[in-house]
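A.B. asks: These protein sequences, in sequence, are chains U and S. Counting with this note's numbering, you get residues 1 to 203 for the letters of the first sequence. Counting with this note's numbering, you get residues 1001 to 1219 for the letters of the second sequence.
Be a bit skeptical, because a hint or two may be false.
Said to hold, decoys possible - Which stretches of chain S does chain U cover? Using the computed rule of at least three CB atoms under 8 Å from a CB of chain U, they are: (1) 1083 to 1095; (2) 1132 to 1143; (3) 1169 to 1178.
Said to hold, decoys possible - No more than 30 Å apart at the CA atoms, straight line, and that leaves these computed lysine-lysine pairs for DSSO-like: (4) U:Lys139 x S:Lys1158; (5) U:Lys52 x U:Lys68; (6) U:Lys48 x S:Lys1158.
FYI, nobody ran anything at the bench for these hints, they're computed from the structure. No residue lacks a Cβ here, since even glycine has one placed at the ideal position from N, Cα and C.
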Amino acid sequence: MPDHDHDHDHSELSDIQLRVRALETILTEKGYVDPAALDLIVESYETKIGPKNGAHLVARAWIDPDFKAALLADATAAANSLGHVSPVGSHLIAVENTPRTHNLVVCTLCSCYPWEVLGLPPVWYKSAPYRSRAVIDPKGVLSDFGVTLPADTEIRIWDSTAETRFIVVPMRPLGTENWSEDRLADIVTRDCMIGTGLPKSAP
Amino acid sequence: MSNTIHDMGGMHGFGKVEPEPNEPVFHAAWEGRVHALQRVMGAIGLWTIDGGRASLETLPPQTYLAATYYQRWFLGLERRVVTHGLVGADELATGHSLHTPAPLTRKISAADAAKPPIRGNFERPATAFAHFKVGDRVRTRNLNPATHTRLPRYARDKEGVIEAIRGCHVYPDTAAIGQGDNPQWLYTVVFTGRELWGDDADPSIKVSIEAFEPYLIAV
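Can you make the complete structure from the sequences, with help from the hints?
C.D. replies: Take a look at the structure:
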C-alpha cells in the first residue's frame, strides 16, 4: 500500500537498471529464481513468440472456411488444433472485420493483450494516448496509424477488462486468391490483428 | 484502488498515439529481466494476477504517468516481494540477501521456462445459474470501491446489451484483495457511443467491456 513517501518521483524512477539488477541478485541469492530460467524467458519472447502465430491463424481462416468458423466459435480450441502455432491458453476470442464493421482492441485499465498469438505488446498499445482515446475517439486513433475507413463503417471497440483476450481477423485483400498460407501470413501485420492497421495490400 | 489514473478510458489530453517502426521486443536488457522476474515470481503463487494489477494501481498518479510500462512492473514487483515477506527493505537497500529465504511451495525451473508459456485459465465451475442471457438489456452499477475493480469509470451507470456469455470466472474484485476466487458469470456487454459519451458522440462507434455479473443490474 502507498504508505511510504512518494514526494520524490524522480528518485522512484532513477537508477532503475541498478535496482533491477539488485533485485535479481537478491532473489537469486535467496534461491527464489534461477537466472537460467530468466534467460530462457527473455529469449522466448525475443525469438519465438510473436505475431507470426496470429498471422497464421488469420491466413488459415482466409483459405479454410471450416477453420474460420471454428476460430470464430472458439479461437483457443481452433489455434490448438493446428500443429504449427504455439499453444494458446483459455478464452482467446477472434472477432471478424466485415465491410460493415471494423474491430479495434484495447485495454483501458492496464495493457491486456493476447501475448501467445501476438507476442508482447508494443509501447503504443500500453501508452496513455491509446488507452484513453481508443474508446472515445477510435477514428482519431486510426488516423494516427494512417488508417481511414469508409464513412459508413461501424467501429466496434473491445475493451479487454477481464481474462478474455481478443484478436482481430481482418478482411482478406483482393488479389490474394490462390496464395498459400505462408504467403498470406506475411501480409497479416500485428497492427491489423489489433485493429489499428489493415493487411499489407497485394503487390 | 479503482478511481485512479490507471483507469484511462475516455480521458483527454494525452496526445497522439505514436507507433515506433521496427520496435524491439525490449528497449533495454533490464526490461527483459523485469518481464522474466515478474513471471517467475508470479508463479510462486503468493499473489494473484489481480493482486499484481492492484499493486500498480496504488502507485501515486504522478509516478504511474512518469513511469514506463516495465518501470511500473518493477515498482509493483519490488513492493510485492516486500509486502509478502520474501525480501526485506534492508536487503533492497544493500542489494544482497541478508536473511534466511522464505520457504516456497512452487518455483519455475529452467526446464519450465524453456516451454512456451500458456496463460492460466480463469474460468471456474459455476456455483449458480447465469442471471442474464444474450440480448438482455442491462445497466452497469455505479460502483466506486476503494479496492480493485475491472469496471471502468466510463462504463459505470450505463445501459447496454449482453452480447455473449463467457463462462464463470475468477472475480478480480475479491481475488485482488485476498478474498478468494469467488467465481462470477462474465459477459460481453456492448454500449453505443452515445450512451457512453453523450449526444455529440460519433454514432458509428460501439464499445464493449467484459463485465462480471455483480457489475450489472437488469433493466
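A.B. asks: Would you mind marking each hint as holding or not holding in the structure?
C.D. replies: Okay, the hints, checked on the actual structure:
no.: 1; hint: 1083 to 1095; result: holds (count 6)
no.: 2; hint: 1132 to 1143; result: violated (count 0)
no.: 3; hint: 1169 to 1178; result: holds (count 3)
no.: 4; hint: U:Lys139 x S:Lys1158; result: holds (22 Å)
no.: 5; hint: U:Lys52 x U:Lys68; result: holds (17 Å)
no.: 6; hint: U:Lys48 x S:Lys1158; result: violated (42 Å)
Of the numbered hints listed earlier, those contradicted by the structure are 2, 6.
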